[in-house]
Amino acid sequence: MAIKIRRLSDIPREEYIVSGHALCPGCGITPMIRLMLKAIEGPKVVVNATGCLEVCTTLYPHTSWKIPWVHNAFENAAATAAGIEAAVKVLSRKRGWKKYKVIAIGGDGGTYDIGLQALSGALERWHNFMYICYDNEAYMNTGIQRSGGTPMGAATTTSPAGRVIPGKPQPKKDLVAIAAAHRIPYVATINIAYPTDMWNKFAKASDILENEEGPVFMLYLTPCPTGWRMDSSMTIEAARLAVQTRMFPLYEIDHGKLRITVRVAKPKPLEEYLKIQGRFKHLLLPENKELLESLKKWVEDNWRRLERLSQLESLY
Amino acid sequence: MSCEKQVRTGLTGDEAVAYAAFHADVDVIAAYPITPQTVMVERLSEFVHNGELDAEFVPVESEHSALSASVGASLAGARVFTATASQGLALMYEILYIASALRTPIVMGLANRAFSAPINIHCSHDDAYAARDAGWIQFFAETVQEAYDLVIAGFKIAEDKNVLFPLIVNLDAFILSHSIEPLYIYEGKEVVREFLPPREPVNPIDPDNPMTYGPLALQNYYMEIKKQQYEAFKSINPHIKKVLEEYSEFSGRRYDFIKKYHVDDADIIFVILGSAAGTVREAVNRLRKEGVKVGVLSLTLYRPFPANEVREVLRNANTVIVMDRSCSIGSPGAQLYLDVATTLYSLPDRPRLVNIIYGLGGRDMFPDDIKKVLEVIKDPKVTEYWLGVRG
Amino acid sequence: MSSWPSKWMDLPMAGIINKPGNSLEVKTGTWRALRPVINHEKCTKCLLCWIYCPDNAIIRHEDNSVDINYDYCKGCGICARECPVKAIEMVEEGGGME
Chain R
1 MAIKIRRLSD
11 IPREEYIVSG
21 HALCPGCGIT
31 PMIRLMLKAI
41 EGPKVVVNAT
51 GCLEVCTTLY
61 PHTSWKIPWV
71 HNAFENAAAT
81 AAGIEAAVKV
91 LSRKRGWKKY
101 KVIAIGGDGG
111 TYDIGLQALS
121 GALERWHNFM
131 YICYDNEAYM
141 NTGIQRSGGT
151 PMGAATTTSP
161 AGRVIPGKPQ
171 PKKDLVAIAA
181 AHRIPYVATI
191 NIAYPTDMWN
201 KFAKASDILE
211 NEEGPVFMLY
221 LTPCPTGWRM
231 DSSMTIEAAR
241 LAVQTRMFPL
251 YEIDHGKLRI
261 TVRVAKPKPL
271 EEYLKIQGRF
281 KHLLLPENKE
291 LLESLKKWVE
301 DNWRRLERLS
311 QLESLY
Chain P
1 MSCEKQVRTG
11 LTGDEAVAYA
21 AFHADVDVIA
31 AYPITPQTVM
41 VERLSEFVHN
51 GELDAEFVPV
61 ESEHSALSAS
71 VGASLAGARV
81 FTATASQGLA
91 LMYEILYIAS
101 ALRTPIVMGL
111 ANRAFSAPIN
121 IHCSHDDAYA
131 ARDAGWIQFF
141 AETVQEAYDL
151 VIAGFKIAED
161 KNVLFPLIVN
171 LDAFILSHSI
181 EPLYIYEGKE
191 VVREFLPPRE
201 PVNPIDPDNP
211 MTYGPLALQN
221 YYMEIKKQQY
231 EAFKSINPHI
241 KKVLEEYSEF
251 SGRRYDFIKK
261 YHVDDADIIF
271 VILGSAAGTV
281 REAVNRLRKE
291 GVKVGVLSLT
301 LYRPFPANEV
311 REVLRNANTV
321 IVMDRSCSIG
331 SPGAQLYLDV
341 ATTLYSLPDR
351 PRLVNIIYGL
361 GGRDMFPDDI
371 KKVLEVIKDP
381 KVTEYWLGVR
391 G
Chain U
1 MSSWPSKWMD
11 LPMAGIINKP
21 GNSLEVKTGT
31 WRALRPVINH
41 EKCTKCLLCW
51 IYCPDNAIIR
61 HEDNSVDINY
71 DYCKGCGICA
81 RECPVKAIEM
91 VEEGGGME
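Chains as they are written, first to last, in our numbering: chain R, 1 to 316; chain P, 1 to 391; chain U, 1 to 98.
Keep in mind the hints are simulated off the structure, nothing from the lab.
You may find that some hints are simply not true.
Stated by the list, open to error - Far from chain U, by Cβ distances over 10 Å, these chain P residues were calculated: (1) A90; (2) M223; (3) R254.
What the hints assert, rightly or not - Just some of the chain R residues that point at chain U, by a computed CB distance under 8 Å: (4) I5; (5) E15; (6) G20; (7) H21; (8) G26; (9) T30; (10) H62; (11) M230; (12) S232.
Ideal placement from N, C-alpha and C gives every residue a C-beta, glycine not left out.
Let the hints inform the model, and build the full structure from the sequences given.
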């Protein structure tokens, strides 16, 4: 049974990813990885897509990982994980080898776009693995280019806030809905500013993996001081405001039942979230009022959609 | 004393490859269907679904994922088989290099089919050649029997602790993949187990012995890591030879790197890969009756290129005709031609080299075509000729 | 870096790194421009800084009190900003400009 915590001090001490990596000061990825590896019980392997986490934690000849860790290519974390999972199943059956959990991790780069096919295939084939997408809302490792996960209006190096087109015109792709469309046992969004909520969701995932019920998908909003253009100390604050403005709702789809796990009854104005980030600054200018309104509408529509869906007994 | 527990039957090349992987007691199969490899995958899924083969069959959603999943499964210590052709190989191209560099002993059945465009489902060697720089061992089967045997031997070679490289068994599209030929197969996987015990992986994924596989290596280490892989691949020939010897004994059928036919006193030697070798041998028979001193060198092992063996055979010929079932557009010669030319370059007395492009997209070749080649090359200026092309 | 072989023939096969967690050899503390300083009197041992640190640079003691591991702290300032009782202050490395 997964470890339950009531206080943060209940969180186990052992670290599975250590210091000395080359991630930016204030990077939002590793706090989640640290917590996740503690919450998922038992022996495990991480399969990592090409990206910030992979590149910065395994710069030869140094590795920050204390568990088995595999990197294959950019778009195939889910496929590689599927292969490992198949091997674990058959080798345990045929040769009595010990089983271990398989965790695939990819950025929004390696998941929303180039990695979507492999993810969908692995979910459809019902492999027993967890896929975590750390979503910093752009292809950060290659220089902050836009991805399918970039929010509407955000400035990136391939969707700059130009005179004619101010940022990314299209809205953020709904990856949670795509994952849930595969009717898998568990899908959830997680956020570092809500560590207890995050832990509880990982605990559920751990049990599902232990019982070999099927695949799990987690979407982790990853504040990136470098790419979001903010001070390195703002990571947790940005994560918190994303939830408090309803920009990034925290919810789960547990065997088809959608539950908003952190209710935001009185949302803060979206400007509170936008103004702390350089990538959204231009949205606060008068000439971009329309775009800002579109973004706000999208946020509100999304929240109301989730509230309506949470009334249903099951989405499946 | 070779294995007596073999039965004579008739199978297509695809079926034979599937039976070989079955008899090799493969653990994980990850493959995506593409003509003309489909029957390999279909048969294997039947063996698994009927409970005859205890394996995980992973019906991946693309060839790229097929090889990606194969890499994962192989790192985890499983005996892995995959299969593809043509466009499928092209789609998994980036992973070919990764599979070799990570030293995953995956065995692949490759039904050699032409690359698009135009789309064509028949035989060319484009796909096999495309993989030639990636660090995969490559065999070419000439018959359905060879396809069966080379897959089984292939597992033992690939998984050998002194080898540990992935391996391709090439078989010509439709000519072998879909043609029924008579062959001997073993009575079952228990029999093959005597030759090929379960895999003993080196450094598999093991939470009790954690490692990082596939790191980022920058300017200060990439070259050393590549050099190590390069030298390791150069060193495997004696080990391939050793296993082929063992297999020759086990099966009662002889397997070497090359096959020599009437080469000892030949003035003109044809060099060729794949099933068309048989056609050239038949042409040689007819030409020899007319007193023409011709011979055929066909290669079973293509990568690592058996340069020493090839040089020994060709050194005394006047003319070497290299037959390529592909063309390397913009290159001074087609792919096998380049390998042979480089191999012969160090000889003080080099034979005349001619490149014949034949059989693209499944175009048939007949013994009379070989006679035609000899006519054409009477003109000493001819260095390259596309056999059978209209216009 | 010095603990790892240099020549190609001495490297572990296939580019594998077979020393888990050896990035501890890389002291990223040299990146810092600002350093966090903990006022242990104010600290309530809530452990939020320990959870949030991207670099595992907060040492969690047996009694849940904390200290900064200056070998690895990159000076991002998350701990100082997030501390609910403002027990952590960011000061300039090397004493700053006097």
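At a threshold of 8 Å, is the proposed contact between H21(R) and chain U supported by beta-carbon distances?
Holds: closest Cβ of chain U sits about 6 Å from H21(R), inside 8 Å.
Hint check: is the beta carbon of G26(R) less than 8 Å from a beta carbon of chain U?
With a closest approach of 4 Å, the G26(R) hint holds.
Can S232(R) be said to touch chain U, with a Cβ gap under 8 Å?
holds (4 Å)
Identify whether the interface hint at H62(R) stands, where standing means a beta carbon of chain U within less than 8 Å of its own.
Cβ of H62(R) sits 4 Å from chain U, so the hint holds.
Minimum beta-carbon distance criterion (8 Å), T30(R) to chain U
OK, holds: T30(R) within 8 Å of chain U, min 4 Å.
Taking the minimum C-beta separation from M223(P) to chain U, is that value above 10 Å?
violated (8 Å)
Does I5(R) meet its interface restraint, that is, does its C-beta lie within less than 8 Å of any C-beta in chain U?
violated (11 Å)
Can we keep the G20(R) interface hint, with Cβ of chain U closer than 8 Å?
holds (3 Å)
Holds or violated: is the Cβ of A90(P) farther than 10 Å from all Cβ atoms of chain U?
holds (25 Å)
Separation of R254(P) from chain U, once the least beta-carbon distance is taken, above 10 Å
holds (33 Å)
Does the closest beta carbon of chain U sit nearer than 8 Å to the beta carbon of M230(R)?
Violated - the Cβ of M230(R) stays beyond 8 Å from chain U, reaching only about 11 Å at its closest.
Answer holds if the nearest beta-carbon of chain U is closer than 8 Å to that of E15(R); otherwise answer violated.
holds (6 Å)
Hints 2, 4 and 11 from the earlier list are contradicted by this structure; the remaining hints agree with it.
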